[in-house]
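Novice: Put together the whole structure using the sequences plus the hints.
Read top to bottom, the protein sequences are chains A and B. Reading the first sequence from the start, the letters are residues 1 to 285 in the UniProt record's numbering. Reading the second sequence from the start, the letters are residues 1 to 285 in the UniProt record's numbering.
Any given hint could turn out to be false.
Claimed, not checked - Per the computed footprint, the stretches of chain A lying under chain B, defined by three or more beta-carbons under 8 Å from a beta-carbon of chain B, are: (1) 73-80; (2) 101-107; (3) 188-194.
Calculated from the structure, these hints are not laboratory results. A virtual CB, placed ideally from N, CA and C, is assigned to each residue, including glycine.
There are 2 protein chains.
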Amino acid sequence: MTPSKPPGKRRRSAPPPRLPSPAPPVALSPPGFVADRAEAAARVERLLRYQFCDRALLEEALTHQSFSDGALSYQRLEFVGDAALGLAFSNFLYLTNPTLGPGALSTLRAANISTEKLARVAVRHDLYPLLRRKCPRLDLLVGQFIESVKQELMHDLATAPYGGSVVKAPKVLADIVEAIAAAVYVDCKFDLEKLWKVTRWLFEPIITAETIDEQPVTTLHELCQKHGKVAQFKTWQKDGMIVVNVFVGGEMVGLGSSEQKSLGSVNRNLLSSASENIGQNLSLN
Amino acid sequence: MTPSKPPGKRRRSAPPPRLPSPAPPVALSPPGFVADRAEAAARVERLLRYQFCDRALLEEALTHQSFSDGALSYQRLEFVGDAALGLAFSNFLYLTNPTLGPGALSTLRAANISTEKLARVAVRHDLYPLLRRKCPRLDLLVGQFIESVKQELMHDLATAPYGGSVVKAPKVLADIVEAIAAAVYVDCKFDLEKLWKVTRWLFEPIITAETIDEQPVTTLHELCQKHGKVAQFKTWQKDGMIVVNVFVGGEMVGLGSSEQKSLGSVNRNLLSSASENIGQNLSLN
Chain A
1 MTPSKPPGKR RRSAPPPRLP SPAPPVALSP PGFVADRAEA AARVERLLRY
51 QFCDRALLEE ALTHQSFSDG ALSYQRLEFV GDAALGLAFS NFLYLTNPTL
101 GPGALSTLRA ANISTEKLAR VAVRHDLYPL LRRKCPRLDL LVGQFIESVK
151 QELMHDLATA PYGGSVVKAP KVLADIVEAI AAAVYVDCKF DLEKLWKVTR
201 WLFEPIITAE TIDEQPVTTL HELCQKHGKV AQFKTWQKDG MIVVNVFVGG
251 EMVGLGSSEQ KSLGSVNRNL LSSASENIGQ NLSLN
Chain B
1 MTPSKPPGKR RRSAPPPRLP SPAPPVALSP PGFVADRAEA AARVERLLRY
51 QFCDRALLEE ALTHQSFSDG ALSYQRLEFV GDAALGLAFS NFLYLTNPTL
101 GPGALSTLRA ANISTEKLAR VAVRHDLYPL LRRKCPRLDL LVGQFIESVK
151 QELMHDLATA PYGGSVVKAP KVLADIVEAI AAAVYVDCKF DLEKLWKVTR
201 WLFEPIITAE TIDEQPVTTL HELCQKHGKV AQFKTWQKDG MIVVNVFVGG
251 EMVGLGSSEQ KSLGSVNRNL LSSASENIGQ NLSLN
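Specialist: Right under this line is the structure:
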């Protein structure tokens, strides 16, 4: 393993490298759409092994505001789902980590329900084609993200389940997961335990105190999101090495590299060096 | 009613007034401490009309990290309580506002569980003296806030239940409320409905879609908090008028005035003018 160099020192001796040009566009297959709405609902029910008492809730969860000019959309459910998943993960983390302090608990909760993490849940279970929408721009963004996740999987990068794409995760993907979770929660009369039983497996692998250090990417996304910044990652291979650069506001704030093929097992230094630099350089702390 | 003038225009024609000097120090009575711990627990139980199965949870909720160098403190419970109150209010607002959009729902949730609102719950029910702590500086801050709330009540200002003090609410006061809520929630085996039944009345008056416009102070606190800023309010009377100035970063961003004695019924214009100015002047939007 090659430890990452302190980027702060690099920046004082030489001008920081700029964000590399975006990769050339690839031919994207559109995300698709399931026009048969009974089939769309049935897919979710099969996925969750849960049958809705009120399927209208599920259809609401699968409707983007662009579909009917906002007359009906998943947004109210997403409002509930965000809080329901927040408490479900709080309970789980509180009970499974009896000695962990509040800071570490908060970091774990944030990492597990981050936009990056939930968007990957939506991609993994092919949820976007179930969404009623009329927004070609959204399709394009989602298509780019899905392609980016596929590329990671092809390269067998261990970041894939957690987030670490060069393409920012579109919020709509996380929204769908939160809205479906809320549809289950409201349908089972606000029974949080039931919601957790039905949906928990979707969120596997759950980021734990033992694995959090292996998800520098997720943690950095969270750190930046908290301060209204956007982290971008550029992952590339050179001479058998994997190299990751972290950019915030177009400026490089951290890098990590490894001779192995797994980012997850390598970039433990990336988080601390980049976090420190983000704090120092952008006065976020 | 005298509507507030657009502060943006005022600022272009004349230099903005600066934050007035703080009021002269008043003789503070220390917040006090209930050394008899059985009595402290009994007070909470009488208040909530709830008997704990495990009183150790309640004692944990009533212990500040300064008491035993962080060995035991309310912080883990506060982590759960924050999320539990978040979902409890989400459910309540979702069910009682079937046509309200997600933005308004989020604003209502934030207003009801803001530090300002919860700190006033702690003051109203005299919870701070029940807290085990060893931190004279905290006592001082809390004492100042309690005094400031008392002053508002003496002046019969309608902001008192919601927040609008010149003194910023100390986070510890909101923490105590969240930790006690979590103690109940964990004690009753994570039954959110039970938690809501036991604690809901503490949060009265709940800020609703009908009354949110009457709480410009709470809403502005939330807006600023969201963007890492601190709002300060200076309320004063002149020639039978009540005048409120809003400062962010020492700069005045809004003002409202009224011939009535109730701020709540008057300052509907304050929120929109100050919010707009905060967004424009501090590039928060």
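Novice: Each hint: holds or not?
Specialist: Outcome of the hint check:
For the region 73-80 of chain A, the stated coverage by chain B is satisfied: 5 residues place a CB nearer than 8 Å to a CB of that chain, which reaches the threshold of 3. Given as covered by chain B, the region 101-107 of chain A passes the check, having 4 residues with a CB less than 8 Å from a CB of that chain where 3 are the minimum. As drawn, the region 188-194 of chain A meets chain B at 3 residues by the rule of a beta-carbon pair under 8 Å; at three or more, the given contact holds.
When held up to the earlier numbered hints, the structure conflicts with none and fits them all.
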